[in-house]
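Engineer: Sequence:
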Amino acid sequence: MSPNGYAKIERGQSSINLDKLQQIENVFNIDMGELITCKDRTIFFSLGGDNSNNVTNGHFGTNEALTVENEKLNSLLTMKDTLLAQKDDEIKALKEIIELLKSK
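In UniProt numbering, the protein residues as written are 1 to 104.
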């Protein structure tokens, strides 16, 4: 890949295809995962030839709001699991009390 070709990509004057991504990967000696990881933008790509019915789409990216929401939901799931465990313990204790009362 020429410096001018890379500069066109940087300026948005040229689109990136898989071959160009592989060339950039080789030039910078990084793997594809590092190349397409982006913290403040979302990346979408589509692979498939013009005459192909087999198209693969990928969507990579992060969004801080989604990350925060994910963490909040994970906390809620943890809280739910704790409450369910407490409920199970209480049910077990109540069953033991019932058995003790029945045996009297």
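In case anyone wonders, no lab produced these hints; they're calculated from the structure. Every residue gets a Cβ at the ideal spot worked out from N, C-alpha and C, and that includes glycine. The reader is advised that the hints may include incorrect statements.
In silico lysine-lysine, BS3-like type, Cα no more than 27 Å apart, as pairs [what the hints assert, rightly or not]:
#1 Lys-102 <-> Lys-92
#2 Lys-92 <-> Lys-80
#3 Lys-102 <-> Lys-80
#4 Lys-20 <-> Lys-8
#5 Lys-87 <-> Lys-72
#6 Lys-104 <-> Lys-92
#7 Lys-72 <-> Lys-95
Derived DEER-like restraints, expressed as beta-carbon distance ranges [unchecked claim]:
#8 Leu-66 <-> Ile-98: 46 to 56 Å
#9 Leu-21 <-> Glu-90: 55 to 65 Å
#10 Lys-8 <-> Thr-67: 46 to 56 Å
Engineer: If a hint holds in the structure, say so; if it doesn't, say that too.
Structural biologist: Now for the hints, and whether the structure bears them out:
Pair hint Lys-102 plus Lys-92 holds up; C-alpha atoms about 15 Å apart against a cutoff of 27 Å. Annotation: proposed proximity of Lys-92 to Lys-80 holds, straight-line Cα distance about 18 Å (limit 27 Å). Restraint check for Lys-102 and Lys-80: not satisfied, since their Cα atoms lie roughly 33 Å apart, outside the 27 Å limit. The hinted pair formed by Lys-20 and Lys-8 meets the criterion: a straight-line CA distance of about 12 Å does not exceed 27 Å.
Taking the CA atoms of Lys-87 and Lys-72, the gap is about 22 Å. The hint holds against a cut of 27 Å. For the given pair, Lys-104 sits about 19 Å from Lys-92 by alpha-carbon distance, which is consistent with the 27 Å threshold. The hinted pair formed by Lys-72 and Lys-95 fails the criterion: a straight-line CA distance of about 35 Å is larger than 27 Å. Between Leu-66 and Ile-98 the beta carbon distance is about 47 Å. The supplied range of 46 to 56 Å therefore holds.
Separated by about 56 Å at the C-beta atoms, Leu-21 and Glu-90 satisfy the suggested range of 55 to 65 Å. Hint check: Lys-8 to Thr-67, Cβ distance near 33 Å, so the stated range 46 to 56 Å is violated.
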